[in-house]
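Residue-level listing of the chains:
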Amino acid sequence: MSACGHDPLMIQALVDGELDAVHAAEVEARIAACPDCADEHARLAALRQALRGPGVRAAAPASLRLRLAESLSAPAQVVAPPRRPWAWMGGGAGLAIAACAALIFVSAPMRQDQALTDALVASHVRSLQLDHLTDVVTSDQHVVKPWFNGKIDYSPPVVELKDQGFPLVGGRLDYVGGRNVAAIVYRRGRHVINLYAWPDDGRVLPAHVHVAQGYDLRHWRAGAMTWWAVSDVNPADMALFETLMKARTGR
Amino acid sequence: MRRFQAQVLPHADAAYNLALRLTRRPETAEDLVHDAFVSALGGFEAYRGGDARAWILAIVRNRAFDWLREARRKATLPLGPASDDPDDDGDWEPPDPGQETPEAALIRKGEAEGLRRLIDALPPRLREVLVLREIEELSYRQIAEITDAPIGSVMSRLARARARLGEAWRRANAVREGQS
Chain A
1 MSACGHDPLM IQALVDGELD AVHAAEVEAR IAACPDCADE HARLAALRQA
51 LRGPGVRAAA PASLRLRLAE SLSAPAQVVA PPRRPWAWMG GGAGLAIAAC
101 AALIFVSAPM RQDQALTDAL VASHVRSLQL DHLTDVVTSD QHVVKPWFNG
151 KIDYSPPVVE LKDQGFPLVG GRLDYVGGRN VAAIVYRRGR HVINLYAWPD
201 DGRVLPAHVH VAQGYDLRHW RAGAMTWWAV SDVNPADMAL FETLMKARTG
251 R
Chain B
1 MRRFQAQVLP HADAAYNLAL RLTRRPETAE DLVHDAFVSA LGGFEAYRGG
51 DARAWILAIV RNRAFDWLRE ARRKATLPLG PASDDPDDDG DWEPPDPGQE
101 TPEAALIRKG EAEGLRRLID ALPPRLREVL VLREIEELSY RQIAEITDAP
151 IGSVMSRLAR ARARLGEAWR RANAVREGQS
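Residue numbers (the numbering used here), protein chains in the order written: chain A, 1 to 251; chain B, 1 to 180.
Hints were generated in silico from the structure; no laboratory data involved.
One or more of the hints may lead you astray.
As the list claims (entries may be wrong) - 25 Å max Cα-Cα, derived SDA-like pairs, lysine to any residue:
1) Lys246/A with Tyr175/A
2) Lys162/A with Glu136/B
3) Lys162/A with Ile135/B
Hey, can you work out the whole structure from these sequences and the hints?
The following block contains the structure:
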C-alpha cells in the first residue's frame, strides 16, 4: 500500500489493461500525483518489458511438433474416451451447454450473422498458421494499399497505428462469406488483429460486438465500407483499436 | 480433426511454455503437452466453442499440477523446497543452497535465462499466473478459468509474483551492474 493509500492492485490492473476508461483515468491521475504510485507503475512496466524480451518464452521444440503432427493426424486413431468428459473440461462444458441452449432459439438473420462471424474467425485462425498471415509483408501503409489494386475491385484505406501500439504487419487477400475481401493485418504485442474491409452492402447487423470461439469480433461502417476486426487481444485493446480505426477510416 | 488443428494446434507454443515453467523439465513438459493434446482431441467432439486456447491451457495446467503432486509424493527427501509444492502459494523459501541461485544465473547467463530461473524459483501457483499474464498475455478472466481460481485470487497472486520476481530481478541487476 503506497503512501497515498492507493490500492496497488489497481495500478496492476491498469498495467494489465483490465480497467474501464473511467477507472483508468482515475488511477493515471493517482500515478501523476503520487511518487510511490509512480514508482510502483514504473516497476511493473520495467518487469513486463524484461519478461516480454527475446528468449524468455520457450517455443515448442521441433521434436514435440513432429510428435503432435504424427499423433494428431493418424487416420485410424484410437483415443480412449475420458471417463467423465465434462469433468476435465472444467468451465468449458457449462459454456458449451449454455451455447447449445441458446442456439435452439436463433432466428434466420442471426444464423446468417453466425455464418459470417464463423467465416471471419475461420479466416483469422487460418491466417495464424504458418505463412498464411500476409501476402504482402510490410509496415508501410503506402505499400499495402496499392497492393490491393487489381486484386479486388475496391481499395480500402490503410492506416498506420504504430505510434498507438498497433504496428501494421501487411495485407492479404482472403475469401469470406462468398466474396474476396481485403484483410489488413496488425499486431498488438504477440497478438494478431485481422481487419477485414469490403464495400458497405447495407446489411443490417444488430450488435457491433461479437464473441465467437473465444475471439473478439467488432464491426462498424465507415467511409462507405464495412469493417470487421477479429482478434484474441483483450477487450480493452480491441475497443481502443476500434476507436482509433473508426476515427481514421471515417474520412 | 481439421477444426482441432485449426483451433487448438496453434497454441502448442503457449502450452509448452506453460508446461515447461510448471514442471521445469523439458522432457516432462514435452510428454505432458503431447498427451494433453491427444486427450484434448479425444474430447474435442464434445467441446463446442468457447476459448480454445484457455481450454487447452487448462488441460495442460491440470496435468502439470498432477505431475507436481506425484513428483512430490515420490520424492525421497522428506520435504522438497517450498517452491515445489503445488498447493503452496505462501511465503518465500530460499532455494537450495547447493544449487546456483537464480540471481547468480542471471548474472552469469544473461537476462532471458536468468529471468526463467527467477520465475522457476516461485511457487507453482504464483508461477502460473505470472506466465499466463506476462508471457501469454491472457486476461484475468481467462487466467481465472484456466487456474480454476476466483479473479480476486488471480490478482493477489499476480501481485505477489510480480513483487517477488521484481525484487529478485532488480537485486541481480544491481549486482551485475556493480560488477561491470
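We went through each hint and held it up to the structure:
no.	hint	result
1	Lys246/A with Tyr175/A	holds, 23 Å
2	Lys162/A with Glu136/B	holds, 21 Å
3	Lys162/A with Ile135/B	holds, 21 Å
Violated hints: none; the structure is consistent with every hint.
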